[in-house]
Amino acid sequence: MYGKSSPMSEALKHAVLIVGAIIVILPFYVMLSYSMKSPHEIDTNTGGFFGDQEPMLDEWCVKAKTPSGAVASKELIQSCTKTPIIFNYVGAFDKAPLLRYLLNGVFVTASIFLIQVLIALPCAYALAKLRFWGRDAVFMLVLFCLLIPVHAIALPLYIMLSKVGLINSYAALIIPWTISVFGIFLMRQFFMTVPDDLIDAARIDGMSEFSIVWKVMLPCAVPALMAFAIFSVVAHWNDYFWPRIAVTSDRNYFTPPLGLRMFKGDSDGDVYGPMMATATIIVTPLIVAFLLAQRKFIEGITLSGMK
Amino acid sequence: MTDRAAVIEQTPNQGAPLIAAKSRIQWISYLFCLPAITLMFIILLVPIFVAAVLSFSDYSLGNQSLNWIGSKNYEVIFGRSSYQKMLWATTAYVLIVVPVSIGLGLGAALLINSLKRFSDFYKAIYFLPVMAALLAMALVWDLALHPTVGYVNQNLRLGCGTMVETILSFGWLPFVDGAQSWYSTSCADEFPLWIGDRDYALATICFIGIWQAFGFNMVLYLAGLTGVPRELYHAAAIDGVKNGWDRFRLVTWPMLGPTTVFVVTITAIRSFQVFDTVEALTQGGPAKSTYVMMYAIFEKAIRENLVGFGSAVTIVFLGFVLIITFTQRYIVEKRVHY
Numbered sequence: 001m002y003g004k005s006s007p008m009s010e011a012l013k014h015a016v017l018i019v020g021a022i023i024v025i026l027p028f029y030v031m032l033s034y035s036m037k038s039p040h041e042i043d044t045n046t047g048g049f050f051g052d053q054e055p056m057l058d059e060w061c062v063k064a065k066t067p068s069g070a071v072a073s074k075e076l077i078q079s080c081t082k083t084p085i086i087f088n089y090v091g092a093f094d095k096a097p098l099l100r101y102l103l104n105g106v107f108v109t110a111s112i113f114l115i116q117v118l119i120a121l122p123c124a125y126a127l128a129k130l131r132f133w134g135r136d137a138v139f140m141l142v143l144f145c146l147l148i149p150v151h152a153i154a155l156p157l158y159i160m161l162s163k164v165g166l167i168n169s170y171a172a173l174i175i176p177w178t179i180s181v182f183g184i185f186l187m188r189q190f191f192m193t194v195p196d197d198l199i200d201a202a203r204i205d206g207m208s209e210f211s212i213v214w215k216v217m218l219p220c221a222v223p224a225l226m227a228f229a230i231f232s233v234v235a236h237w238n239d240y241f242w243p244r245i246a247v248t249s250d251r252n253y254f255t256p257p258l259g260l261r262m263f264k265g266d267s268d269g270d271v272y273g274p275m276m277a278t279a280t281i282i283v284t285p286l287i288v289a290f291l292l293a294q295r296k297f298i299e300g301i302t303l304s305g306m307k
Numbered sequence: 001m002t003d004r005a006a007v008i009e010q011t012p013n014q015g016a017p018l019i020a021a022k023s024r025i026q027w028i029s030y031l032f033c034l035p036a037i038t039l040m041f042i043i044l045l046v047p048i049f050v051a052a053v054l055s056f057s058d059y060s061l062g063n064q065s066l067n068w069i070g071s072k073n074y075e076v077i078f079g080r081s082s083y084q085k086m087l088w089a090t091t092a093y094v095l096i097v098v099p100v101s102i103g104l105g106l107g108a109a110l111l112i113n114s115l116k117r118f119s120d121f122y123k124a125i126y127f128l129p130v131m132a133a134l135l136a137m138a139l140v141w142d143l144a145l146h147p148t149v150g151y152v153n154q155n156l157r158l159g160c161g162t163m164v165e166t167i168l169s170f171g172w173l174p175f176v177d178g179a180q181s182w183y184s185t186s187c188a189d190e191f192p193l194w195i196g197d198r199d200y201a202l203a204t205i206c207f208i209g210i211w212q213a214f215g216f217n218m219v220l221y222l223a224g225l226t227g228v229p230r231e232l233y234h235a236a237a238i239d240g241v242k243n244g245w246d247r248f249r250l251v252t253w254p255m256l257g258p259t260t261v262f263v264v265t266i267t268a269i270r271s272f273q274v275f276d277t278v279e280a281l282t283q284g285g286p287a288k289s290t291y292v293m294m295y296a297i298f299e300k301a302i303r304e305n306l307v308g309f310g311s312a313v314t315i316v317f318l319g320f321v322l323i324i325t326f327t328q329r330y331i332v333e334k335r336v337h338y
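Chains as they are written, first to last, in the working numbering: chain A, 1 to 307; chain B, 1 to 338.
One or more hints might be untrue.
What the hints assert, rightly or not - Looking from chain A toward chain B, a few residues come up when the C-beta cut is under 7 Å (computed):
| hint | residue |
| --- | --- |
| 1 | Asp43 |
| 2 | Ile179 |
| 3 | Phe241 |
| 4 | Ile287 |
Said to hold, decoys possible - Okay, the calculated beta carbon distance ranges per label pair:
| hint | chain 1 | residue 1 | chain 2 | residue 2 | range |
| --- | --- | --- | --- | --- | --- |
| 5 | B | Asn243 | A | Pro195 | 26 to 36 Å |
| 6 | B | Asn155 | A | Gly165 | 49 to 59 Å |
| 7 | B | Pro229 | A | Ser211 | 39 to 49 Å |
| 8 | B | Tyr330 | A | Val16 | 34 to 44 Å |
The set of hints was computed from the structure by calculation and includes no laboratory data.
Since this is a predicted model, take the numbers as computed values, not measurements.
Even glycine gets a Cβ: it sits at the ideal position worked out from N, Cα and C.
All chains, full assembly: derive it from the sequences and hints.
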């Protein structure tokens, strides 16, 4: 902005921004703090940020390892006594197959991105660099499809997928996202800036159009592709709406947000700790990646603004 | 490759190989576009058609045939009170979240942009909610806003009877009766149940939506601000524009016009799609006060298998989104700058 600001107004600005920052941070603070506290500390709001980490008895562990009717042995009680932080984070993986959910999430997110690129890149190349009859029509189609919000096609897609018996499968989680018109549009705009000479040179060298796409254009497009990757991965790792619809019952296909949601179903106070631990585990990878590469991430996410 | 050689050998004139190469390019282009076009049709266009058709039926999964019921589904949406509540809740959500998250985003962008130091620090913090899975954070907010063990109410209660109450009850302002303020009456009685209270539920869902969205708007505005030429501020200063508000009103805000149109559109479309927070926290309740369209589609069509009706809601939703999009296009073409 223009003008000089006095130290006074500078301090005032910081004060306002800090209050905002506290509100923004608050749930992250609660999440992290509760993921380390014992149920008692959560109930009574004691223990500060880290909790006292006093060893506690994991009754769930005792129950699970004692045959019904039998009295728990002393060693068992000892082995089931843990500090709250261990209780919560081990509980996150024990009470629900979180590891499976995380792997599902990685698999689905990675598959979606790879297929999107596989489909979008040749099309974007053709639209940007090849002359063919109907090219404008195809591009118009892409622009038209950009207007369609995915939330509007979720229900009919669900019906179509259940008609072919694909609900509760990886396919159901992946198929709707295989086409990214936004990806086509983005890559086309980027390819337009690649000089024609480069492609002509590749042709003279005897490269087929197919290998031009993957060996010449793809390496050129790495920056745009990175932004698109961030956009795609963040959107699908965090997505809850579509998985909630596509996976109705089979827990084997749960993605991390679905797994986390299950904690809320059985809301006895004991699970708050493990639930917050699960939330922390799900949220942390992207947050850490963001903090490490802020500029790239902001670029990638705001791309979605064009969507 | 051998085909081409054969073509050249057979035809002595110069144009033929070029034509052959051109038609080969044609075929390759179609080959390259074919998967994308096919998927666009199957995944994006056909479903809209399917939804439009089903919206005039009372179809449920498992039905053998389509039973046409005309526009009855639409009449229910616009005629029955529980669905009028749905339209109202959705509209109210959009009308609250859009201006507030844009206002906060713009405010944060202006403040951060004018800072000498630490601007990256605030930018990173304000952007954190955009990165985090909304469902996870919704559940955290749910816990933080829990009526008894929640962090928010516990700390609000701690403030009762202390200086915090004195400040927040605004009794120190002239003509304000502190004892009647929200904070003091809540202290005397009880703090709200937030998402369990029909008077607060929608506002709380809106709050989470704003919390999540404003960092995104801030980043878009920061990008917009870099595009405002400094000369304009100099020119304004020469013309006698002295205070910051006039500078904003006469230079910054008009120059941010295109950004604003864009931010309003995207925030509005996203707000219409609100689902995660409602599904996880309120399930449309209490008393349908947070019964938004996406949740209605989910509940009716997928939970209760009223596919025909859900399709009609989907089409209404699509209508809303397209109206916003076309309005944006119209404004952009008419006047990008004021």
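Exercise for the section: Find the hints from earlier in the document that the structure breaks and name them by number, from lowest to highest. Expected result: 5
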